Amino acid sequence: MNGLHHLIVLPILLPLVTAAVLIPVDERNRTTKGVIGFVSTMLVFLAGVVLMRAAATSQDGASVYLLGNWPAPFGIVLVLDRLSALMLVLTSVLALATQAFSMSKWHRMGHHFHSLFQLMLAGLNGAFLTGDLFNLFVFFEMMLAASYGLLLHGSGPLRVKAGLHYIAVNLAASSLFLIGVSMIYGATGTLNMADLALRIGTIGPESRMLMEAGAALLGIAFLVKAGMWPLGFWLPAAYSAATPPVAAIFAILTKVGVYILLRLSLLLFGSDAGNSAGFGQPVLLYGGLLTIGFGAIGVLASQAMGRLAGYCVLVSSGTLMAAIGLGNGAVIGGALFYLVSSTLTICAFFLLIELVERARDAGADVLAVTMEAYGDIDENEEEKEEGVAVPGTMAVLGLCFSACAILLSGLPPLSGFLAKFAMLHGLFNPGSFGGAAPVSGAEWTYTALLILSGLAAMVAMNRVGIRTFWTSIEGTIPRVFLIEIAPVVMLLAVCAFLSLQAGSAMRYMDATAKALSEPQNYIGRVMSAPRAGPTGGE
Amino acid sequence: MELVLAAGIGVLTASGVWLLFRPRTYQVIIGLSLLSYAVNLFIFGMGRLRVNAPPLLEPGGTGGLLTHTDPIPQALVLTAIVIGFAMTALFLVVLLASRGFTGTDHVDGRE
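Note that the protein sequences, when read in sequence, are chains A and B. Note that the first sequence covers residues 1 to 538 in the working numbering. Note that the second sequence covers residues 539 to 649 in the working numbering.
If you are wondering where the hints come from, they were derived from the structure by calculation, not from laboratory data. Please note: incorrect hints may appear among the correct ones.
Reference listing, derived: stretches of chain A covered by chain B, where coverage requires no fewer than 3 residues with Cβ under 8 angstroms from a Cβ of chain B [claimed, not checked]:
no. : stretch
1   : 92-101
2   : 122-130
3   : 167-177
4   : 182-192
As the structure is a computational prediction, the values presented were derived from the model and not from experiment. Where a beta carbon is used, it is the ideal one built from N, C-alpha and C, also for glycine.
With the hints as extra help, turn the sequences into a complete structure.
The structure is reproduced here in structure tokens:
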């Protein structure tokens, strides 16, 4: 029980405490609030990096933290393995970028931006760390409640309308989540994921039906969150209505759904699940394929860049769902790489959109509407923006835009290409994950859709790019500040770094996929987790 | 008792879903509330229905499924009620904001 062990709980506690500390601070000291929030996120990021290194070097895979020191299947556990460490680091990278971006002006458009932001981070980190289904629900609700507030940040009729739909959809999905969890509890008598995985193989046929119905309902709740067609209709509207930093951090919210689907389908319905092995995989596979198709059509049809980015989110989660549905460990390794790369790209793209559109009339309109709704309080503050204006604005923006286009369409040399290549390579060379079965029709469809969706993204990005950068009628150059462009450049630089270090990154992802497809290790670690302090003494 | 509970959950869910699909925001929020009542009763039911069986142990006593009921679903229901209540309150605020902005209670903000 050393200090490193207690670090596991830090990514949940620190944002919670920071959020509480920030609430009473007066709204006029927004910059101070932002800096405190940024420092807290920075600490969480450093903790995430340390935890990720620990997870990568330890042989047994998962380290388990018993909350309240109750023994494993009865108390609530936090489990840190390679996958959750990866998600923690990814979340805090996105959070750092969006927080820095918001400090230019967006955090002035409403109250308590930084507190809500920290609460959402606490919910996200908790959802990634928890090893218990009901605790997952609690963290999920925490994350969603904060996301409602963030979506409404800046107010205005458009956002309130989008927020109304978003909240209604998510509340209905939460009801399904609860029904699913309670059915699983009714059938198996446990909510601990590891204990559940042990019991699923041995339950009788009458309980099995109840358990599978529960798992299906739970799955629907996560698929709504991940945006599977036809459950993802709400997503582009909500994401394009949100303020840019909020939309950018929302890029990780769909990935929470994907993360849990990945975690649960491999843990609960692996080869040890008896008659339930592989449950739900066809739904994920075909649903994912349909989502890619729908998203690609949406990408082509979008006029506004905000909607285009929203459909890119759909394509990305469709690709990941189908990769999980294929049930091939080698593809999952590539899919994890894709998850990181595409989330970073979409986040950068959401931030970039606002900077690019600032020069255009359409963007100015939206801004005017939101300003009008918020009132004229900050008008005199508007002139003294923090930071320095960037020289050669159009060149920098154009370069960032091209990098986004290359990453989204999956062209070499950046990480978008490497991710897709890794997935396809895994598809045709299962390698250490089983024999070389003939490639099925669904797998061919997946290959085709993966490449065609890249083409669709390229066509759409080319069209938008030409319209914005080459044939812009107004010819006004947007005023962009260093604090706004630096996060975008940072996110894209992380993608470039991933491309340069693709070898070691892929080794990490493959080891993660391997650990996920052999859940016995995870289960063993959770069930035999040692209690702290003198054992046996009450 | 089983029949009454099952019928109650069924009626609440059916009314909740029907109201959820109505075009007025007030109907939607009532629908969501009914749905959450149904869900809470359902969670309770998943701990199996028992009469005269407490979920708590006497100090020093030993428990068993013959004399005690399963306490976990009851704890879950409590959490679910609190979260559901908070979410309903939040939704109510958004509903009023939408009414203020658009002047109508239609979910799309226009008739």
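Here is what the structure says about each hint:
1. 92-101: Contact hint for the stretch 92-101 of chain A vs chain B: violated, 0 residues under 8 angstroms.
2. 122-130: Violated: only 0 residues of the stretch 122-130 of chain A have a Cβ under 8 angstroms from chain B.
3. 167-177: holds (count 6)
4. 182-192: holds (count 5)
The structure is inconsistent with the numbered hints 1, 2, although it conforms to all the rest.
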